[in-house]
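Let the sequences and hints guide you as you build the complete structure.
Mapping of the sequence shown onto numbering that gives the first Met the number 0: position 330 corresponds to residue 329, and the numbering continues sequentially without gaps.
Just so you know, not all the hints are guaranteed correct.
To be verified - Listed next, the in silico PhoX-like pairs over lysine-lysine satisfying Cα-Cα at most 25 Å (straight line):
1. K287 x K108
2. K39 x K104
3. K248 x K39
4. K63 x K39
As the list claims (entries may be wrong) - Label pairs and their calculated CB-CB ranges:
5. R236 x I314: 51 to 59 Å
6. A291 x P151: 49 to 57 Å
7. S239 x L101: 16 to 24 Å
8. Q130 x P76: 18 to 26 Å
9. G70 x E277: 13 to 21 Å
Honestly, the hints are just simulated from the structure, not real lab data. Computed from a predicted model, the values in this text were never measured in an experiment. Ideal Cβ positions, reconstructed from N, Cα and C, are used throughout, including at glycine.
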Amino acid sequence: MQRRDLFKYGLATGAGAIASYALMGNKPLLAQQSSNRGGKFWPDNIRLPISLSLMFETGSQPAKGAPTPFGNFTPPPDYYDMPTITWYRYGYTEGVPRILDLLDKYKIKITSHMSGRTVEMYPDRAKEIVQRGHEAAAHGWDWDNEFNMTAPQERDFIQRNVDIILKVTGQRAVGYNAPGLRGSVNILTVLNELGFVYHIDDVSRDEPFIVNLNNGKSIMVVPYAVYLNDIRAYEARFFSSGQYLTELKNSFDRLYEEAAYRRRMMAVTMHDRLQRPEHVYVFEDFLKYVMAKPGVAFMKKIDIANFALNDPNTIREDIQNVYPNVPNFVPSATS
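Next up, the structure:
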(Lines of atoms letter the chains of each structure in order from A and count residues from 1; the text may use other names and numbers.)
(Lines give C-alpha, C1' and ligand atoms only; values in the text may rest on other atoms or scores of the structure.)
Protein backbone atom coordinates (compact mmCIF):
# COMPACT_ATOMS: atom_id res chain seq x y z
CA MET A 1 0.00 0.00 0.00
CA GLN A 2 1.28 3.44 -0.90
CA ARG A 3 1.69 5.94 1.94
CA ARG A 4 -0.87 8.24 0.36
CA ASP A 5 -3.48 5.45 0.63
CA LEU A 6 -3.10 5.01 4.35
CA PHE A 7 -5.50 7.62 5.61
CA LYS A 8 -8.68 9.49 4.88
CA TYR A 9 -8.14 12.98 6.09
CA GLY A 10 -10.44 15.41 7.86
CA LEU A 11 -10.48 18.36 10.23
CA ALA A 12 -12.82 20.38 12.40
CA THR A 13 -13.01 24.09 11.71
CA GLY A 14 -13.62 27.23 13.70
CA ALA A 15 -16.13 29.94 12.83
CA GLY A 16 -15.81 31.25 9.30
CA ALA A 17 -13.81 28.32 7.94
CA ILE A 18 -15.05 25.69 5.55
CA ALA A 19 -16.66 22.82 7.44
CA SER A 20 -14.58 20.01 6.01
CA TYR A 21 -11.36 19.33 4.18
CA ALA A 22 -10.73 15.80 2.95
CA LEU A 23 -8.16 13.90 0.94
CA MET A 24 -10.02 10.80 -0.02
CA GLY A 25 -8.63 7.41 -0.97
CA ASN A 26 -5.53 7.59 -3.15
CA LYS A 27 -5.93 11.19 -4.28
CA PRO A 28 -3.34 13.30 -2.41
CA LEU A 29 -3.43 17.08 -2.44
CA LEU A 30 -1.35 18.13 -5.43
CA ALA A 31 0.89 21.16 -5.68
CA GLN A 32 -1.09 22.68 -8.54
CA GLN A 33 -4.19 22.63 -6.35
CA SER A 34 -2.57 24.93 -3.81
CA SER A 35 -0.19 27.13 -5.82
CA ASN A 36 -2.74 29.85 -6.71
CA ARG A 37 -4.06 30.85 -3.34
CA GLY A 38 -4.06 34.62 -3.75
CA GLY A 39 -1.52 35.10 -0.97
CA LYS A 40 -3.18 32.63 1.39
CA PHE A 41 -1.01 30.03 3.05
CA TRP A 42 -3.50 27.21 3.74
CA PRO A 43 -6.44 25.74 1.82
CA ASP A 44 -10.15 26.37 2.28
CA ASN A 45 -9.88 29.85 3.84
CA ILE A 46 -7.92 28.50 6.79
CA ARG A 47 -5.91 31.24 8.45
CA LEU A 48 -4.35 29.32 11.35
CA PRO A 49 -4.37 25.54 11.76
CA ILE A 50 -4.04 24.14 15.26
CA SER A 51 -2.63 20.66 15.70
CA LEU A 52 -3.32 18.90 18.99
CA SER A 53 -1.21 15.90 20.00
CA LEU A 54 -2.09 13.30 22.61
CA MET A 55 0.82 11.27 23.95
CA PHE A 56 -0.45 7.78 24.78
CA GLU A 57 2.40 6.28 26.80
CA THR A 58 0.86 4.63 29.88
CA GLY A 59 3.14 1.82 31.05
CA SER A 60 6.06 2.74 28.79
CA GLN A 61 7.86 4.58 31.58
CA PRO A 62 10.74 2.80 33.36
CA ALA A 63 9.65 0.21 35.91
CA LYS A 64 11.85 1.99 38.45
CA GLY A 65 12.91 5.62 38.71
CA ALA A 66 10.22 7.19 36.52
CA PRO A 67 9.45 10.88 37.14
CA THR A 68 6.89 11.22 39.92
CA PRO A 69 4.65 13.96 41.35
CA PHE A 70 5.06 12.55 44.86
CA GLY A 71 8.13 14.52 45.91
CA ASN A 72 11.80 13.68 46.18
CA PHE A 73 12.29 10.03 46.93
CA THR A 74 15.30 7.76 46.56
CA PRO A 75 13.98 4.21 46.66
CA PRO A 76 16.09 1.16 47.43
CA PRO A 77 17.26 -0.70 44.32
CA ASP A 78 14.64 -3.44 44.58
CA TYR A 79 11.66 -1.13 45.20
CA TYR A 80 8.87 -0.68 42.69
CA ASP A 81 7.24 2.71 43.29
CA MET A 82 3.62 1.60 43.22
CA PRO A 83 2.01 5.03 43.71
CA THR A 84 3.96 6.31 40.72
CA ILE A 85 2.82 3.34 38.64
CA THR A 86 -0.79 4.32 39.38
CA TRP A 87 0.00 7.94 38.44
CA TYR A 88 0.90 6.79 34.93
CA ARG A 89 -1.96 4.29 34.73
CA TYR A 90 -4.42 7.18 35.14
CA GLY A 91 -3.77 8.00 31.50
CA TYR A 92 -5.33 4.72 30.42
CA THR A 93 -8.17 4.55 32.94
CA GLU A 94 -9.33 8.18 32.98
CA GLY A 95 -7.21 10.60 30.95
CA VAL A 96 -7.63 9.27 27.43
CA PRO A 97 -11.40 8.63 27.72
CA ARG A 98 -11.91 12.11 29.14
CA ILE A 99 -10.01 13.95 26.42
CA LEU A 100 -11.59 11.81 23.68
CA ASP A 101 -15.03 12.78 24.94
CA LEU A 102 -14.07 16.46 24.87
CA LEU A 103 -12.77 16.15 21.32
CA ASP A 104 -15.96 14.41 20.22
CA LYS A 105 -17.99 17.22 21.76
CA TYR A 106 -16.30 19.75 19.48
CA LYS A 107 -15.84 17.40 16.49
CA ILE A 108 -12.06 17.78 16.57
CA LYS A 109 -9.62 15.19 15.24
CA ILE A 110 -6.05 15.02 16.50
CA THR A 111 -2.81 13.05 16.28
CA SER A 112 -1.99 10.54 19.01
CA HIS A 113 1.63 9.51 19.37
CA MET A 114 1.55 5.99 20.80
CA SER A 115 4.40 4.15 22.50
CA GLY A 116 4.69 0.56 21.35
CA ARG A 117 4.65 -0.99 24.79
CA THR A 118 1.55 1.05 25.65
CA VAL A 119 -0.30 -0.24 22.59
CA GLU A 120 0.74 -3.78 23.50
CA MET A 121 -0.47 -3.37 27.10
CA TYR A 122 -3.67 -1.46 26.32
CA PRO A 123 -4.79 -2.41 22.80
CA ASP A 124 -8.41 -1.55 23.53
CA ARG A 125 -7.60 2.10 24.16
CA ALA A 126 -5.26 2.39 21.16
CA LYS A 127 -7.95 0.91 18.94
CA GLU A 128 -10.55 3.26 20.41
CA ILE A 129 -8.44 6.33 19.60
CA VAL A 130 -8.28 5.36 15.94
CA GLN A 131 -11.90 4.23 15.75
CA ARG A 132 -12.94 7.68 16.97
CA GLY A 133 -11.23 9.24 13.97
CA HIS A 134 -7.79 10.22 15.22
CA GLU A 135 -4.38 9.67 13.64
CA ALA A 136 -2.09 7.05 15.17
CA ALA A 137 1.55 8.17 15.06
CA ALA A 138 4.63 6.49 16.49
CA HIS A 139 6.45 7.38 19.72
CA GLY A 140 9.15 4.71 20.04
CA TRP A 141 8.76 1.37 21.75
CA ASP A 142 9.13 2.73 25.29
CA TRP A 143 11.16 5.34 27.16
CA ASP A 144 14.51 3.77 26.41
CA ASN A 145 17.31 6.19 25.52
CA GLU A 146 16.91 6.24 21.75
CA PHE A 147 19.70 8.78 21.43
CA ASN A 148 22.23 6.13 22.52
CA MET A 149 21.20 3.57 19.90
CA THR A 150 23.05 2.49 16.80
CA ALA A 151 21.16 2.87 13.54
CA PRO A 152 20.09 -0.82 13.45
CA GLN A 153 18.95 -0.65 17.07
CA GLU A 154 17.01 2.54 16.42
CA ARG A 155 15.41 1.07 13.31
CA ASP A 156 14.21 -1.95 15.28
CA PHE A 157 13.01 0.28 18.15
CA ILE A 158 10.83 2.25 15.73
CA GLN A 159 9.76 -0.64 13.50
CA ARG A 160 8.43 -2.59 16.48
CA ASN A 161 6.39 0.49 17.37
CA VAL A 162 4.99 0.76 13.84
CA ASP A 163 4.20 -2.95 13.69
CA ILE A 164 2.20 -3.09 16.93
CA ILE A 165 0.21 0.04 16.03
CA LEU A 166 -0.67 -1.49 12.66
CA LYS A 167 -1.57 -4.85 14.19
CA VAL A 168 -3.83 -3.35 16.87
CA THR A 169 -5.39 -0.36 15.11
CA GLY A 170 -5.13 -1.22 11.43
CA GLN A 171 -3.39 2.10 10.79
CA ARG A 172 0.21 2.41 9.62
CA ALA A 173 1.94 5.24 11.51
CA VAL A 174 3.79 7.68 9.22
CA GLY A 175 4.57 10.37 11.80
CA TYR A 176 7.17 10.12 14.56
CA ASN A 177 8.03 11.64 17.92
CA ALA A 178 11.09 10.24 19.70
CA PRO A 179 10.90 9.82 23.49
CA GLY A 180 11.89 13.20 24.89
CA LEU A 181 12.31 14.39 21.26
CA ARG A 182 15.82 12.88 21.29
CA GLY A 183 16.60 10.36 18.58
CA SER A 184 20.12 9.46 17.51
CA VAL A 185 22.15 11.37 14.93
CA ASN A 186 20.79 8.84 12.42
CA ILE A 187 17.12 9.43 13.20
CA LEU A 188 16.01 11.29 10.08
CA THR A 189 17.67 8.83 7.72
CA VAL A 190 16.20 5.91 9.68
CA LEU A 191 12.72 7.45 9.51
CA ASN A 192 13.08 8.06 5.79
CA GLU A 193 14.17 4.48 5.16
CA LEU A 194 11.21 3.19 7.19
CA GLY A 195 8.75 5.17 5.07
CA PHE A 196 7.79 7.96 7.48
CA VAL A 197 6.30 11.13 6.03
CA TYR A 198 7.08 13.49 8.91
CA HIS A 199 8.53 13.91 12.38
CA ILE A 200 7.85 16.52 15.08
CA ASP A 201 11.13 16.59 17.03
CA ASP A 202 12.07 20.10 15.94
CA VAL A 203 11.26 23.38 17.69
CA SER A 204 13.01 25.76 15.27
CA ARG A 205 9.97 27.12 13.40
CA ASP A 206 6.28 27.92 13.74
CA GLU A 207 5.46 26.45 10.33
CA PRO A 208 6.04 23.10 8.62
CA PHE A 209 9.13 22.70 6.46
CA ILE A 210 11.06 20.07 4.52
CA VAL A 211 14.52 18.78 5.45
CA ASN A 212 16.72 17.61 2.58
CA LEU A 213 18.75 14.57 3.62
CA ASN A 214 22.18 13.55 2.36
CA ASN A 215 20.75 10.54 0.53
CA GLY A 216 18.93 12.80 -1.91
CA LYS A 217 15.60 12.29 -0.16
CA SER A 218 13.70 14.41 2.33
CA ILE A 219 11.38 14.34 5.33
CA MET A 220 8.69 16.73 6.50
CA VAL A 221 8.88 18.58 9.83
CA VAL A 222 5.64 19.43 11.60
CA PRO A 223 7.23 21.40 14.44
CA TYR A 224 6.79 21.01 18.17
CA ALA A 225 6.07 23.85 20.59
CA VAL A 226 7.85 22.93 23.80
CA TYR A 227 6.29 25.64 25.98
CA LEU A 228 2.77 24.57 25.02
CA ASN A 229 3.44 21.03 26.24
CA ASP A 230 1.30 20.33 29.31
CA ILE A 231 4.11 18.36 30.99
CA ARG A 232 6.42 21.33 30.56
CA ALA A 233 3.77 23.70 31.91
CA TYR A 234 2.59 21.76 34.94
CA GLU A 235 5.58 19.64 35.97
CA ALA A 236 8.59 21.71 34.89
CA ARG A 237 7.32 25.28 35.23
CA PHE A 238 4.77 24.52 37.97
CA PHE A 239 2.02 26.49 36.26
CA SER A 240 -1.46 26.66 37.66
CA SER A 241 -4.28 25.75 35.30
CA GLY A 242 -4.99 29.45 34.84
CA GLN A 243 -1.40 30.26 33.96
CA TYR A 244 -1.31 27.52 31.34
CA LEU A 245 -4.55 28.80 29.82
CA THR A 246 -3.04 32.28 29.59
CA GLU A 247 0.04 30.82 27.89
CA LEU A 248 -2.12 29.02 25.33
CA LYS A 249 -4.21 32.10 24.57
CA ASN A 250 -1.18 34.38 24.31
CA SER A 251 0.53 32.03 21.88
CA PHE A 252 -2.62 31.72 19.81
CA ASP A 253 -3.20 35.48 19.67
CA ARG A 254 0.31 36.18 18.39
CA LEU A 255 0.28 33.36 15.82
CA TYR A 256 -3.19 34.34 14.63
CA GLU A 257 -2.02 37.91 14.06
CA GLU A 258 1.11 36.78 12.19
CA ALA A 259 -0.94 34.35 10.09
CA ALA A 260 -2.40 37.31 8.19
CA TYR A 261 0.89 37.74 6.33
CA ARG A 262 2.88 34.48 6.66
CA ARG A 263 2.27 30.78 7.08
CA ARG A 264 1.82 29.89 10.74
CA MET A 265 0.61 26.87 12.68
CA MET A 266 0.05 26.18 16.37
CA ALA A 267 1.00 22.92 18.07
CA VAL A 268 -0.26 21.89 21.51
CA THR A 269 0.84 18.69 23.25
CA MET A 270 -1.24 16.78 25.80
CA HIS A 271 -0.16 13.75 27.84
CA ASP A 272 -2.54 10.96 28.76
CA ARG A 273 -1.85 11.03 32.51
CA LEU A 274 -2.41 14.80 32.76
CA GLN A 275 -5.95 14.78 31.40
CA ARG A 276 -7.40 15.39 34.83
CA PRO A 277 -10.61 17.33 35.38
CA GLU A 278 -8.97 20.69 36.05
CA HIS A 279 -6.64 20.33 33.06
CA VAL A 280 -9.31 19.28 30.59
CA TYR A 281 -11.32 22.29 31.72
CA VAL A 282 -8.38 24.42 30.52
CA PHE A 283 -8.41 22.75 27.12
CA GLU A 284 -12.15 23.22 26.75
CA ASP A 285 -11.85 26.90 27.62
CA PHE A 286 -9.06 27.20 25.06
CA LEU A 287 -11.13 25.44 22.38
CA LYS A 288 -14.04 27.80 22.92
CA TYR A 289 -11.71 30.79 22.71
CA VAL A 290 -10.04 29.86 19.42
CA MET A 291 -13.15 28.47 17.71
CA ALA A 292 -14.77 31.88 18.00
CA LYS A 293 -12.17 33.25 15.55
CA PRO A 294 -12.70 33.02 11.78
CA GLY A 295 -10.34 30.82 9.83
CA VAL A 296 -9.22 28.59 12.70
CA ALA A 297 -9.05 24.87 11.94
CA PHE A 298 -7.93 21.79 13.84
CA MET A 299 -5.78 19.55 11.68
CA LYS A 300 -4.13 16.21 12.22
CA LYS A 301 -0.40 16.33 11.66
CA ILE A 302 -0.56 14.09 8.62
CA ASP A 303 -2.95 16.61 7.02
CA ILE A 304 -0.51 19.44 7.64
CA ALA A 305 2.42 17.36 6.39
CA ASN A 306 0.73 16.29 3.16
CA PHE A 307 -0.46 19.78 2.31
CA ALA A 308 2.92 21.39 2.97
CA LEU A 309 4.84 18.58 1.27
CA ASN A 310 2.94 19.17 -1.97
CA ASP A 311 3.08 22.97 -1.81
CA PRO A 312 5.95 24.54 -3.81
CA ASN A 313 6.04 27.47 -1.39
CA THR A 314 7.03 25.31 1.57
CA ILE A 315 10.47 26.08 3.00
CA ARG A 316 13.23 23.55 2.28
CA GLU A 317 16.46 23.33 4.26
CA ASP A 318 19.46 21.04 4.04
CA ILE A 319 20.03 18.90 7.09
CA GLN A 320 23.41 20.56 7.79
CA ASN A 321 21.66 23.92 8.09
CA VAL A 322 19.00 22.59 10.44
CA TYR A 323 21.66 21.04 12.70
CA PRO A 324 24.75 23.19 11.98
CA ASN A 325 26.91 21.83 14.80
CA VAL A 326 26.19 18.13 14.29
CA PRO A 327 28.85 16.25 12.29
CA ASN A 328 28.71 13.08 10.22
CA PHE A 329 25.24 13.06 8.70
CA VAL A 330 25.47 10.08 6.36
CA PRO A 331 23.47 9.09 3.26
CA SER A 332 22.52 5.70 4.72
CA ALA A 333 21.82 4.50 8.25
CA THR A 334 22.64 0.86 7.58
CA SER A 335 25.41 0.66 10.13
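Determine whether the Cβ-Cβ distance between S239 and L101 falls within the hinted range of 16 to 24 Å. holds (20 Å)
Range hint compliance [Cβ, A291 to P151, 49 to 57 Å]: Given about 50 Å between the Cβ atoms, the range holds.
When you check the alpha-carbon spacing of K63 and K39, does it fall within 25 Å? violated (50 Å)
How does the Cβ-Cβ distance of G70 and E277 compare with 13 to 21 Å: does it lie in that range? holds (20 Å)
25 Å limit on alpha-carbon distance, applied to hinted pair K39 and K104: Violated. K39 to K104 sits at ~30 Å, over the 25 Å cutoff.
Falls inside 18 to 26 Å, the C-beta gap from Q130 to P76? The hinted range 18 to 26 Å is violated for Q130 and P76, with Cβ atoms some 42 Å apart.
Determine whether the Cβ-Cβ distance between R236 and I314 falls within the hinted range of 51 to 59 Å. violated (30 Å)
Verify the proposed pairing of K287 with K108, using a straight-line Cα cut of 25 Å. holds (15 Å)
Tell me if the straight-line CA distance from K248 to K39 falls inside 25 Å. holds (23 Å)
Consistency with the previously given hints fails for numbers 2, 4, 5 and 8, ordered from lowest to highest.
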